[in-house]
Amino acid sequence: MILVTGATGHLGRAVLQTLANNTAPSNLAALVRDPDKAADLQAQGINIRVGDYSDLASLKQAMQGVTKVLLISGGGESDALQQHYNVVDAARQAGVECLAYTSRALKDRSTLTNQLMVRHFQTEDYIKASGLAYVLFRNILYMEALPQFTGPHVLSTGITLPAGEGKVAYALRSEMGEAIAHVLLENSNTNKTYYLTGSEAYSFHDVAAALTTLSNKPVTYTPVETVAFEEQLQARGLPTVVIPRIVGFMTDIKNGQEEIVSSDLEQLLGRKPTALLDGVRRIFNL
1 MILVTGATGH
11 LGRAVLQTLA
21 NNTAPSNLAA
31 LVRDPDKAAD
41 LQAQGINIRV
51 GDYSDLASLK
61 QAMQGVTKVL
71 LISGGGESDA
81 LQQHYNVVDA
91 ARQAGVECLA
101 YTSRALKDRS
111 TLTNQLMVRH
121 FQTEDYIKAS
131 GLAYVLFRNI
141 LYMEALPQFT
151 GPHVLSTGIT
161 LPAGEGKVAY
171 ALRSEMGEAI
181 AHVLLENSNT
191 NKTYYLTGSE
201 AYSFHDVAAA
211 LTTLSNKPVT
221 YTPVETVAFE
231 EQLQARGLPT
241 VVIPRIVGFM
251 TDIKNGQEEI
261 VSSDLEQLLG
271 RKPTALLDGV
281 RRIFNL
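Residues in the sequence shown are numbered from 1 upward in steps of one, following the UniProt record's numbering.
Derived from the structure by calculation, the hints contain no laboratory data. Among these hints, one or two may not hold up.
List of simulated lysine-lysine pairs, DSS-like, C-alpha gap at most 25 Å [stated by the list, open to error]: (1) Lys-128 with Lys-192; (2) Lys-107 with Lys-192; (3) Lys-272 with Lys-107; (4) Lys-272 with Lys-192; (5) Lys-128 with Lys-60.
Based on the sequences and whatever the hints tell you, model everything.
Right, dumping it as structure tokens:
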């Protein structure tokens, strides 16, 4: 049985959709905090297990009879790293055979500006030290995140970010979920690391060009200094705690952390990942 944590989130649902299309629902379990949000999954015959990353006992109970666990990384909570450790500990105690984890495709953990990303590598270290067989999915930045960076009125305002000429090998979250599911269904995939990225890395100049092509409106990208960008975010009313995280993402992009390109996603999908133009068309409804 395969247990998917964070099952009602976007990535969790994408993984479960492909799993359900390729194996009997009785082979699948979904870890959720609120079973009401998983009614559609239960209707498909997927086992619903209630548990919380912060509650070790509930995790251990939810993993009974499970052979593989996909740990989808948590949010930005202050205890997020300990939550990940709890899942690893519960998996080991419950006799799980293989633990998979959704990490991040970043070039150099020692020079990251966005310190939230460091916990992904700390989680990887903890998994490797646990003695569990593992699979690591190092995921690039979701293409679906672009509107969060460009702002809601990008067609009229253009793009102003402190990302310099940095590039990102964006990939669609839905395609990452599909690829992850394919790996989980394999029998010989332990102690492997996959880099799930697009086939090409793009700058924000490329994003602006795609928006221009699709909207028939001139959209430009203007690199700005960090202080000016922070003022823009404040003007948009973003929570104070969120602003340094976004700035951290931009700084890491500027420094080349997100420009990794791998063929792993293409090989797992059996096709080229969605390129920037088609992805932007879908995401921005153009």
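Evaluated hints:
no. : hint                 : verdict
1   : Lys-128 with Lys-192 : 11 Å, holds
2   : Lys-107 with Lys-192 : 18 Å, holds
3   : Lys-272 with Lys-107 : 22 Å, holds
4   : Lys-272 with Lys-192 : 22 Å, holds
5   : Lys-128 with Lys-60  : 19 Å, holds
Violation of the numbered hints given earlier is absent; every hint is satisfied by the structure.
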